[in-house]
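From first to last, the protein sequence lines are chains A and B. Residue numbers in the first sequence follow our numbering, run continuously in steps of one, and reach 116 at the last position. Residue numbers in the second sequence follow our numbering, run continuously in steps of one, and reach 543 at the last position.
In case anyone wonders, no lab produced these hints; they're calculated from the structure. For every residue, glycine included, the Cβ atom is placed at its ideal position computed from N, Cα and C. Mixed in with the good hints there might be a few duds.
Over 12 Å on every C-beta distance to chain B, these chain A residues come out as not near it, computed from the model [unchecked claim]:
id, residue
1, P74
2, K87
3, D90
Lysine-lysine pairs mimicking DSS-like chemistry, simulated, CA-CA at most 27 Å apart [claimed, not checked]:
id, chain 1, residue 1, chain 2, residue 2
4, B, K473, B, K538
5, B, K487, A, K61
6, A, K46, A, K103
7, A, K87, A, K103
8, B, K499, A, K103
9, A, K82, B, K502
10, B, K499, B, K487
11, A, K103, A, K61
12, A, K46, A, K82
13, A, K103, A, K82
14, A, K46, B, K538
15, A, K103, B, K502
16, B, K487, A, K87
17, B, K473, B, K535
18, B, K538, A, K82
19, B, K535, A, K103
20, B, K535, A, K46
21, A, K87, B, K535
22, B, K487, B, K535
23, B, K499, A, K87
24, A, K103, B, K538
25, A, K87, B, K502
26, B, K499, A, K82
27, B, K487, A, K103
28, A, K82, A, K61
29, B, K502, B, K538
30, B, K487, B, K502
31, A, K82, B, K487
32, B, K473, A, K82
33, B, K502, B, K535
34, B, K487, B, K538
35, B, K473, B, K499
36, B, K535, B, K499
37, A, K46, A, K87
38, A, K61, A, K87
39, A, K46, B, K499
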Amino acid sequence: EPEVTQTPSHQVTQMGQEVILRCVPISNHLYFYWYRQILGQKVEFLVSFYNNEISEKSEIFDDQFSVERPDGSNFTLKIRSTKLEDSAMYFCASTRGLKEQYFGPGTRLTVT
Amino acid sequence: GESVGLHLPTLSVQEGDNSIINCAYSNSASDYFIWYKQESGKGPQFIIDIRSNMDKRQGQRVTVLLNKTVKHLSLQIAATQPGDSAVYFCAENIGGSEKLVFGKGMKLTVNP
Chain A
5 EPEVTQTPSH
15 QVTQMGQEVI
25 LRCVPISNHL
35 YFYWYRQILG
45 QKVEFLVSFY
55 NNEISEKSEI
65 FDDQFSVERP
75 DGSNFTLKIR
85 STKLEDSAMY
95 FCASTRGLKE
105 QYFGPGTRLT
115 VT
Chain B
432 GESVGLHLPT
442 LSVQEGDNSI
452 INCAYSNSAS
462 DYFIWYKQES
472 GKGPQFIIDI
482 RSNMDKRQGQ
492 RVTVLLNKTV
502 KHLSLQIAAT
512 QPGDSAVYFC
522 AENIGGSEKL
532 VFGKGMKLTV
542 NP
């Protein structure tokens, strides 16, 4: 069964550093998402991406964040200058467009 | 009940019992709802969804009920098994929006 995959599973970085989180969505899916989950909190929407552009973003997704689909398979989230409060699980999700979003296993980002 | 910070509401059941997990959603304009299961260290896993033109939908061992009048969603799990132990989230979507808005989750513990 096709799955969304994410790398790395755990990323540790120092405050102020740039990080890139990587995702490979399910191959025939057209819509891609990033969500985050701070420890013990609910899952929060960050951004959606369709047809090579951002289609919707939340107030969390400020200028420090960017997304890219550099090739036909990868979907990345970049945080330019990480802050302590960026520490969270980051989930990638994808869907064909039928609203049923499939989530990856997540990347745990720890900012020290 | 409400959860704050690290404190999730918890439901403990005996193996073989039926479980009911409830969710109050926030937006009366939401027209699509999903239940996700999240096991420790993993991403949200799709369980079942329902559109607002329905009030009940059944899957394998699971039933979702939707009461739009009181903005209430429930997930019923029949013959609960230890493998059902996880945190369960409801999520809502408003037509025209890309994002899922997640509830705060409930931890289900199944005792053998």
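Verification of the hints:
{"no.": "1", "hint": "P74", "verdict": "21 Å, holds"}
{"no.": "2", "hint": "K87", "verdict": "19 Å, holds"}
{"no.": "3", "hint": "D90", "verdict": "18 Å, holds"}
{"no.": "4", "hint": "B:K473 - B:K538", "verdict": "14 Å, holds"}
{"no.": "5", "hint": "B:K487 - A:K61", "verdict": "31 Å, violated"}
{"no.": "6", "hint": "A:K46 - A:K103", "verdict": "19 Å, holds"}
{"no.": "7", "hint": "A:K87 - A:K103", "verdict": "32 Å, violated"}
{"no.": "8", "hint": "B:K499 - A:K103", "verdict": "19 Å, holds"}
{"no.": "9", "hint": "A:K82 - B:K502", "verdict": "36 Å, violated"}
{"no.": "10", "hint": "B:K499 - B:K487", "verdict": "11 Å, holds"}
{"no.": "11", "hint": "A:K103 - A:K61", "verdict": "16 Å, holds"}
{"no.": "12", "hint": "A:K46 - A:K82", "verdict": "22 Å, holds"}
{"no.": "13", "hint": "A:K103 - A:K82", "verdict": "25 Å, holds"}
{"no.": "14", "hint": "A:K46 - B:K538", "verdict": "12 Å, holds"}
{"no.": "15", "hint": "A:K103 - B:K502", "verdict": "20 Å, holds"}
{"no.": "16", "hint": "B:K487 - A:K87", "verdict": "44 Å, violated"}
{"no.": "17", "hint": "B:K473 - B:K535", "verdict": "16 Å, holds"}
{"no.": "18", "hint": "B:K538 - A:K82", "verdict": "31 Å, violated"}
{"no.": "19", "hint": "B:K535 - A:K103", "verdict": "20 Å, holds"}
{"no.": "20", "hint": "B:K535 - A:K46", "verdict": "5 Å, holds"}
{"no.": "21", "hint": "A:K87 - B:K535", "verdict": "24 Å, holds"}
{"no.": "22", "hint": "B:K487 - B:K535", "verdict": "22 Å, holds"}
{"no.": "23", "hint": "B:K499 - A:K87", "verdict": "40 Å, violated"}
{"no.": "24", "hint": "A:K103 - B:K538", "verdict": "25 Å, holds"}
{"no.": "25", "hint": "A:K87 - B:K502", "verdict": "37 Å, violated"}
{"no.": "26", "hint": "B:K499 - A:K82", "verdict": "39 Å, violated"}
{"no.": "27", "hint": "B:K487 - A:K103", "verdict": "18 Å, holds"}
{"no.": "28", "hint": "A:K82 - A:K61", "verdict": "14 Å, holds"}
{"no.": "29", "hint": "B:K502 - B:K538", "verdict": "21 Å, holds"}
{"no.": "30", "hint": "B:K487 - B:K502", "verdict": "14 Å, holds"}
{"no.": "31", "hint": "A:K82 - B:K487", "verdict": "40 Å, violated"}
{"no.": "32", "hint": "B:K473 - A:K82", "verdict": "21 Å, holds"}
{"no.": "33", "hint": "B:K502 - B:K535", "verdict": "15 Å, holds"}
{"no.": "34", "hint": "B:K487 - B:K538", "verdict": "23 Å, holds"}
{"no.": "35", "hint": "B:K473 - B:K499", "verdict": "31 Å, violated"}
{"no.": "36", "hint": "B:K535 - B:K499", "verdict": "19 Å, holds"}
{"no.": "37", "hint": "A:K46 - A:K87", "verdict": "20 Å, holds"}
{"no.": "38", "hint": "A:K61 - A:K87", "verdict": "19 Å, holds"}
{"no.": "39", "hint": "A:K46 - B:K499", "verdict": "22 Å, holds"}
Checked against the numbered hints listed earlier, the structure breaks hints 5, 7, 9, 16, 18, 23, 25, 26, 31, 35; every other hint is satisfied.
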